[in-house]
Amino acid sequence: MADSMAPQMAQAAPGDTPGTTKRDFLMLTTAAFAAVGVGGIVWPFVSSMAPARDVLALASTEVDISPIAAGQSVTVMWRGKPVFVRNRTEEEVREARAVPLSELKDPATDESRVKKDNWLVVVGVCTHLGCVPLGQKPTDAKGDYNGWFCPCHGSHYDTSARIRRGPAPSNLLVPDYAFTSDTMIRIG
Amino acid sequence: MAIGLHDSDVKNPVLRWIDQRLPVITMMQKEYGTFPTPRNFNYFWNFGALAVITLTIMILTGVFLAMSYTAHTAHAFESVERIMRDVNYGWLIRYVHMNGASMFFIVVYIHIYRGMYYGSYKAPRELLWILGVVIFLLMMATAFLGYVLPWGQMSFWGATVITNLFSAFPLIGPEIVTWLWGGFSVDNPTLNRFFSLHYLLPFVITGVVFLHVAALHVTGSNNPLGIEPKGPQDTLPFHPYYTVKDSVGMVAYFAVFAFLVFFMPNYLGHPDNYIPANPLVTPAHIVPEWYFLPFYAILRAVPDKLGGVLMMFGSIMVWFALPWLDTSKVRSMRFRPVARIFFFLWVISFFVLMYVGGKPAEQPYVIIAQLATAYYFLWFLVILPLLGKFERTLPLPESIAAAVLGPKASTGGGPLPAAATAKPMEKA
Amino acid sequence: MKLLKALAVAAAVAASSPALAAGEAPAPPNARFGFNSFFGSFDRAAQQRGFQVYKEVCAACHGMRLLSYRNLLDLGLSEPAVRSIAASVNVQDGPNDEGQMFERPARLSDRFRSPFPNEQAARAGNNGALPPDLSVIVKARHDGANYVRALLTGYVEPPAGVTVAPGMHYNEYFPGHQIAMPNVLNDGQVEFADGTRATVDQMARDVTTFLAWAAEPEMEQRKQMGVKILIFLAILGGLVYATKRKMWAAVKH
Chain P
34 MADSMAPQMA QAAPGDTPGT TKRDFLMLTT AAFAAVGVGG IVWPFVSSMA PARDVLALAS
94 TEVDISPIAA GQSVTVMWRG KPVFVRNRTE EEVREARAVP LSELKDPATD ESRVKKDNWL
154 VVVGVCTHLG CVPLGQKPTD AKGDYNGWFC PCHGSHYDTS ARIRRGPAPS NLLVPDYAFT
214 SDTMIRIG
Chain W
3 MAIGLHDSDV KNPVLRWIDQ RLPVITMMQK EYGTFPTPRN FNYFWNFGAL AVITLTIMIL
63 TGVFLAMSYT AHTAHAFESV ERIMRDVNYG WLIRYVHMNG ASMFFIVVYI HIYRGMYYGS
123 YKAPRELLWI LGVVIFLLMM ATAFLGYVLP WGQMSFWGAT VITNLFSAFP LIGPEIVTWL
183 WGGFSVDNPT LNRFFSLHYL LPFVITGVVF LHVAALHVTG SNNPLGIEPK GPQDTLPFHP
243 YYTVKDSVGM VAYFAVFAFL VFFMPNYLGH PDNYIPANPL VTPAHIVPEW YFLPFYAILR
303 AVPDKLGGVL MMFGSIMVWF ALPWLDTSKV RSMRFRPVAR IFFFLWVISF FVLMYVGGKP
363 AEQPYVIIAQ LATAYYFLWF LVILPLLGKF ERTLPLPESI AAAVLGPKAS TGGGPLPAAA
423 TAKPMEKA
Chain G
26 MKLLKALAVA AAVAASSPAL AAGEAPAPPN ARFGFNSFFG SFDRAAQQRG FQVYKEVCAA
86 CHGMRLLSYR NLLDLGLSEP AVRSIAASVN VQDGPNDEGQ MFERPARLSD RFRSPFPNEQ
146 AARAGNNGAL PPDLSVIVKA RHDGANYVRA LLTGYVEPPA GVTVAPGMHY NEYFPGHQIA
206 MPNVLNDGQV EFADGTRATV DQMARDVTTF LAWAAEPEME QRKQMGVKIL IFLAILGGLV
266 YATKRKMWAA VKH
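Chains as they are written, first to last, in the numbering used here: chain P, 34 to 221; chain W, 3 to 430; chain G, 26 to 278.
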């Protein structure tokens, strides 16, 4: 950049051959202008690989949570990803809240991760490399912290779906959701 | 001869007419006919030609598979099984393509080890080596993209895990992943672009292979002694000597290839990839194809996500720097008794990584992977630079001809002369 | 290695901690299927009996959507026989001129009819479990044929101390041991036309043979072609090597 500016400034200085500097300036301006054009051509191609409008339109999904008994979970699809909706037992809530923040790899209180004490809603995608952790079915391995366990690379999540051990860097993501009634939630 | 026409030696009038206007026949004659080639190649020098043959086979079978394949999440799995069941010889073409990927990596790994052992990357062949590493990276990308296409469980989860690697990069990581997917998970847009790129990249590879071969024909080939030919007594014309020797290797190679395709076509694959992709169920053990396992093991050996990703990419990037990391003047490890031992240890570490990469992420595999990863990098970054300074190399023969024809042709055939192994090691 | 694995599993079970490997099962015994050997082919009679077992037992829950009725000709069944097998099943076709979907007897070109119209219906009808499609099941499991046979004959009483969840069944060879599929094979359950006694083991072997063929219908052709190509390459290899020797004879290298 500094180099390209030099002839431009030199133009005002007397003693230079004006023809050369003018030519350099013109060439640079032309090249820069052409570069903008090339950028303009490249962008539609790059952008075409980003999510298309129909993909973006699949924004939200509704879940009826009335059939989920305490201690049970369901998995619903949202944007092609599983979302875990768990009706936690009091024991599990107590367990999640008894942990001091200092013990957590990605500190977050359980209260900050739920909207109603017993209902936990998280995206069921391991934050390491995107596998679906086990723990939704009663027969699944739940890991050492009684929450979820990712079979791919051994990440353990607790009853608040926070990462406790293993390579995952952060807690299972809490999606945007809202209770539209006592028995309905809307995700997204 | 008319002005501007090439001065052709070709006798046949039709071919001569062509050669005068586009001297391809002269060029072939020069590069593959009389091309002076060191007279002392061993069979490890077959593998470059074998790689070209495999690339051709892959492109050919791939083009025909694409005629029957459907790149859609709802149809991909069935379209592959239709190829296997209903398309005439579809099973043959698909099994050749599927096992061809494995054969390609076997050939290229041997080609790379050969280059490393005989110091083929050293000046003046640095760029030749770098182009080779570029080809290897393109091959990895192509193989990964291709493995996704049958849309089985391993396809889907492999794609998910590998694309998620990019989410490790700070700030823009998640955006990159969404962009790669064209959505919020691996889905139909992902499958479509993977198919498009899988079809494209082999032709890019072909282009880089041309550059690789062109660079080779500027410097000429290295050879098992690692000393440059000094004159015509050191070389033989490529044809017929090496065309026929490559043919021997080719037939042997085809026999191995055919054995795999016809008698154990699924041996190197994973049974889970015959289960259609299911975004809700992750298979118990996700493993990439065998040829990625060493790098996958390095990824898992590091407990930190970004660190693991960087180490994994770094494990190949370090190959680019190899010509400058190896400070020794001597090319061939035949004359480097100490380096040879550490190099074999490196090859072993590579295979150990391959083994633990296929095992679950539990102890003791994690610690083994960490030790092997440590040695992998130690070899490139510490041992190799230091060896150039401290290793006492064996005396080099005066010339290739002297070594081959001389009264005491002492440097036996094998890559590992027995006399030279044991003692010098103690000095290291 | 095996011992280590066994110890690890034993330790995991003893401590009743979640086994990381999600329940290792013992390796299935080698059932010595002929088609598993290098030059082996399928036993036609076993294939036909196996199809009968599939049709009368498995097909109640498991589809084979990649197979068509015409494929049964490969089993050595006559065309009229296959036509009548197909015609005994109604498949959906349409829409007709009135725009309605309708049912008609299946033809040779139709795919096997699946017992459930979709995954959700299959789960609803099976207590939440999904009976997998069997088209490629033998390719889709480690040591496929031996595993399928072992699974079908692997129903045993659960060992003391193991509680089997409601709706689940204990199977020695299923990973995790708890499988939703009940033991479906009982002695004498089907009547084979060729007079073979329908013991549980016989039926399991036969249906496994049928499923192995369904997964790899090209296998016999593949092996035959492989033998020819290897012979060809052996001869070519000899010729090329002789040529090479001859050509290099005058050169020291």
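Since the hints were made in silico from the structure, they are not lab data.
Small disclaimer: the values here were computed from a predicted structure and weren't measured.
A hint or two may mislead.
The calculated lysine-lysine pairs, modelled on DSBU-like cross-linking and capped at a C-alpha distance of 35 Å, are [as the list claims (entries may be wrong)]:
1. W:232 to G:248
2. W:361 to P:175
3. P:138 to W:361
Verification of the supplied hints:
Between residue 232 of chain W and residue 248 of chain G, the direct Cα distance comes to roughly 51 Å. Violation of the 35 Å bound is thereby established for this hinted pair. Straight-line distance between C-alpha atoms of residue 361 of chain W and residue 175 of chain P comes to about 21 Å, which keeps the hinted pair within the 35 Å bound. About 26 Å separates the Cα atoms of residue 138 of chain P and residue 361 of chain W, which keeps this hinted pair within 35 Å; it holds.
Of the numbered hints stated above, the single one contradicted by the structure is hint 1.
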